[in-house]
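Enquirer: Take a look at the letters that make up each chain.
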Amino acid sequence: MTAKAKPDPLIHPITRLSICGLLAAGADWVEFAALRDAAGISDSVLSKQSRVLEDAGYVEVRKGAVGRRPRTWFRLTAAGREAVQGHLAWLSQLEEAVSASTGDAQQPRPLPGDRDQPRRVLPPLLGSS
Amino acid sequence: MRDAARDPATLELLRVQRSRLADRMRPPWWYLAGVAILWALVFACPFSSRYLPQGVPTWPIFVAAAAVAGLLQWGLTRATGIKLPFRNLRYRPGRPVGIAILVVFLAASETEFLLIRRDLIVAAIVVAALAVVAEMACLQAALRVTRRELRGGGGAA
Numbered sequence: 001m002t003a004k005a006k007p008d009p010l011i012h013p014i015t016r017l018s019i020c021g022l023l024a025a026g027a028d029w030v031e032f033a034a035l036r037d038a039a040g041i042s043d044s045v046l047s048k049q050s051r052v053l054e055d056a057g058y059v060e061v062r063k064g065a066v067g068r069r070p071r072t073w074f075r076l077t078a079a080g081r082e083a084v085q086g087h088l089a090w091l092s093q094l095e096e097a098v099s100a101s102t103g104d105a106q107q108p109r110p111l112p113g114d115r116d117q118p119r120r121v122l123p124p125l126l127g128s129s
Numbered sequence: 130m131r132d133a134a135r136d137p138a139t140l141e142l143l144r145v146q147r148s149r150l151a152d153r154m155r156p157p158w159w160y161l162a163g164v165a166i167l168w169a170l171v172f173a174c175p176f177s178s179r180y181l182p183q184g185v186p187t188w189p190i191f192v193a194a195a196a197v198a199g200l201l202q203w204g205l206t207r208a209t210g211i212k213l214p215f216r217n218l219r220y221r222p223g224r225p226v227g228i229a230i231l232v233v234f235l236a237a238s239e240t241e242f243l244l245i246r247r248d249l250i251v252a253a254i255v256v257a258a259l260a261v262v263a264e265m266a267c268l269q270a271a272l273r274v275t276r277r278e279l280r281g282g283g284g285a286a
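Heads up: the protein sequence lines correspond to chains A and B, in order.
So in our numbering, spot 98 of the first sequence is number 98, and the numbers just go up one at a time.
Just so we're on the same page, our numbering is the position in the second sequence counted from 1, plus 129.
Keep in mind that the hints were calculated from the coordinates and are not lab data.
All the given hints hold, so there is nothing to weed out.
Which residues of chain A face chain B? A few of them, derived with a C-beta cut under 7 Å, are:
# : residue
1 : S18
2 : A27
3 : W29
4 : V30
5 : E31
6 : E95
The beta carbon of each residue, even a glycine, is placed where N, CA and C say it ideally should be.
Using the sequences provided together with the hints, build the complete structure.
Expert: Quick look at the structure:
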């Protein structure tokens, strides 16, 4: 995937990110109950947030019925898919940056030129000067 | 509302949610039974050349099989709540399974024709039964690929 890493304020809230991330997982259409259960959110939250995404043109909604039961299906539009991939790429970069910085903090750095005492280390902040 | 950037476990949460979605992609027993019956019908077709009277067309069997396959797919979509896009052999993750399905179909059909022509009916039945088992194994493998793709995000980070 070569999506341009770009944050999207509309899908930044975690509920909308969950909805979009699930719709971008590879399925064409996802039914309301499946999306609700996978995201672990309530019916009302899914209704409300999906409407926001639909108004923004990120999600396409198809309503139908099987017998008396109403069935609602969701799928990402092309614009929505692009936005989600960009946002997820941005989040991945963020995650990598965070894990790299914490990894640096955990790994002791040897003193430059201190060959006689290879075990002697400085804390990361002091060593970076 | 929670802010994704302030929560370091955001992507981890999304992975868990995708895993939950992928777990829904487990077909009910009637789907597996229906597909097995369909393959059994398909691999029974070579026998029609010998046992059906001349002039009886076999195309209605294929039309009926296609209709039942469509119905099964519709039922699976309803049961799982997930409609997958149509994928051909250009879809890389599913390509080995797709090729395996085709190879088993062609090899088993040809072998059956050969055996029936040589009056080795029992052997032909055994080949047909093995082919149905192989096709069902391929279906399970295809479903595993689908679940793995759903878990991994199907290309989205």
